[in-house]
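**Q** Quick note: to get the working numbering, add 1222 to the position in the sequence shown (first position is 1).
If you are wondering where the hints come from, they were derived from the structure by calculation, not from laboratory data.
Just so we're clear, the structure is a prediction, and the values are computed from it rather than from any experiment.
Check before you lean on any hint, since a few could be wrong.
Claimed, not checked - Restraint-style ranges between C-beta atoms, simulated for each label pair: (1) Val1265 x Lys1224: 23 to 29 Å; (2) Pro1308 x Thr1249: 33 to 39 Å; (3) Arg1256 x Glu1322: 20 to 26 Å; (4) Val1269 x Gln1225: 30 to 36 Å; (5) Glu1270 x Lys1224: 33 to 39 Å; (6) Arg1276 x Glu1301: 19 to 25 Å; (7) Gln1225 x His1275: 22 to 28 Å; (8) Glu1332 x Asn1289: 36 to 42 Å.
Ideal placement from N, C-alpha and C gives every residue a C-beta, glycine not left out.
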Amino acid sequence: MKQSGIGRLLRIFVDENDRWYGQPLYTAIVEALRRNGAAGATVFRSVEGFGAHRELHQAHIFSLMPNLPILIEVVDSEERIDALVPLIEEMVSEGLVTLERVEFFRYSREPG
């Protein structure tokens, strides 16, 4: 079954070594998104990148703690994303959060 609609894409950029009460921040964010009703979330670990501090982070075999950029993406209704943004603002003390309006297509085997 195919569903389509207009929603929002929430992107959250943090560092791999960022923590939230002792656990990786990206893990804590995904758990919080799930608890608060997000349709889904995906975490991407980068190979290379830099942020506001202009420090280059790279995945090398000799790097013990590369602190790579992490991207969390969530696509959901505008209302749900708007409700989740304050939660993200509370958890992310340093990083980047972006919002985009998107057209989505959801495919499933079951109706609804």
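**Q** Each hint: holds or not?
**A** Tested hints:
Between Val1265 and Lys1224 the CB atoms are about 26 Å apart, so this pair conforms to the stated range of 23 to 29 Å. Checked against the hint of 33 to 39 Å, the C-beta distance between Pro1308 and Thr1249 comes to roughly 20 Å, which is inconsistent with it. As the Cβ distance of Arg1256 to Glu1322 is approximately 21 Å, the hint placing it in 20 to 26 Å holds. The hinted range of 30 to 36 Å is satisfied by Val1269 and Gln1225, whose Cβ atoms lie roughly 33 Å apart.
In this structure the supplied range 33 to 39 Å holds for Glu1270 paired with Lys1224, their Cβ-Cβ distance being about 36 Å. Checked against the hint of 19 to 25 Å, the pair Arg1276 and Glu1301 fails, with Cβ atoms roughly 37 Å apart. At roughly 41 Å, the beta carbons of Gln1225 and His1275 sit outside the given window of 22 to 28 Å. Checked against the hint of 36 to 42 Å, the C-beta distance between Glu1332 and Asn1289 comes to roughly 41 Å, which is consistent with it.
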